[in-house]
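So in my numbering the end of the sequence shown lands on 1032, straight run, no missing numbers.
Hints may contain errors.
[To be verified] Cβ-Cβ distance ranges computed for the label pairs, FRET-style:
| hint | residue 1 | residue 2 | range |
| --- | --- | --- | --- |
| 1 | Gly922 | Asp721 | 23 to 29 Å |
| 2 | Arg802 | Gln920 | 20 to 26 Å |
| 3 | Arg759 | Pro1010 | 37 to 43 Å |
Keep in mind the hints are simulated off the structure, nothing from the lab.
By construction, the Cβ of each residue, glycine as well, lies at the ideal position given by its N, Cα and C atoms.
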Amino acid sequence: MVVSSPSMTDVIQLQELRLAVLAFLMALVTGAGLYLGVKLLLAVLRGRSLPRVERAAALVFLGLLLTEAGCFLYALLIEADWLQVTRVEVRTARLPAGTRLRIVHLTDLHAEGWSRALSRLPDEVNALQPDLLITTGDAVNAESGLPVFREVLSRIHTRYGRYAVRGNHDVWYWSELDLFSGGVSQELRQTALRTAEGRLVLCGAPYGQEGHIDTCLRENPDGLRIVVYHTPDLVEELAPLEPDLYLAGHTHGGQVRLPLYGAVVSMSRFDKKYEMGRHQVGATTLFVSRGIGFEPHAPRVRFLCRPEIAVIDLVGTGNAG
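Using the sequences and the hints, build the whole thing.
Here's what the structure looks like:
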């Protein structure tokens, strides 16, 4: 079956149009609020009053301007580093009944230096007592962020190890950086784990090398199979192979979300379809994390999109024998 979806170029153009509309509306509110606010202030100082309609418009736009400024300050100073734990339970017959395996999924740390979120991250994750840590790419924004990234991961303790793949930034800009050696994390291609709960197969690949995942799934029909890839863009292509779980990041959940609408930008070829959170695609549970950090040239703000620690609890329902 051929999966049909818009081209990435079409999606980017659509998202750029949304951004342009949003920027225009914000500029309109800012400009009108400042103009009418100054006009109202001058009228008050001169002991005059504006016509009723103009005065009402001035008050409305001033209110919108203050709301806009308040939202920006909240997004910059509070939400940008306000970690949130998201819990997801996936029931599976691939594990024996009564067993539970906990994965903590992190993505898009984009380390540059010690942010408040990165400083708290190891303790927050350790408190969740993960069996595995899986990181789905975009580790650093600069070479100076490498010691921070490596220390964050090294301080996280698990029963069965830490596993990671490279995202688009890691492949495009930092392919020569040693992100994972020295026990920081195991870079995934194909890894089979025998745990007390059952057999796990982790099928991962660096961004742009997705053929490794297809091969891994075909060569490992048994066990609980988990796809680890930076973007959600392979999910419909891989769904016929029925991986049990697919973990991804890349979208940042939009980073700035609008009430009742969600992400303006996702940078996924599926646009808003898989912008964040849990989705069921055939037999596959997809989880797209909002991530932790920011792209190098993106504003350091988050709105209605807190940085995320995802906890995936795999709960066995299968035959214990």
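Each hint tested on the structure:
no.	hint	in the structure
1	Gly922 <-> Asp721: 23 to 29 Å	holds (25 Å)
2	Arg802 <-> Gln920: 20 to 26 Å	violated (31 Å)
3	Arg759 <-> Pro1010: 37 to 43 Å	holds (40 Å)
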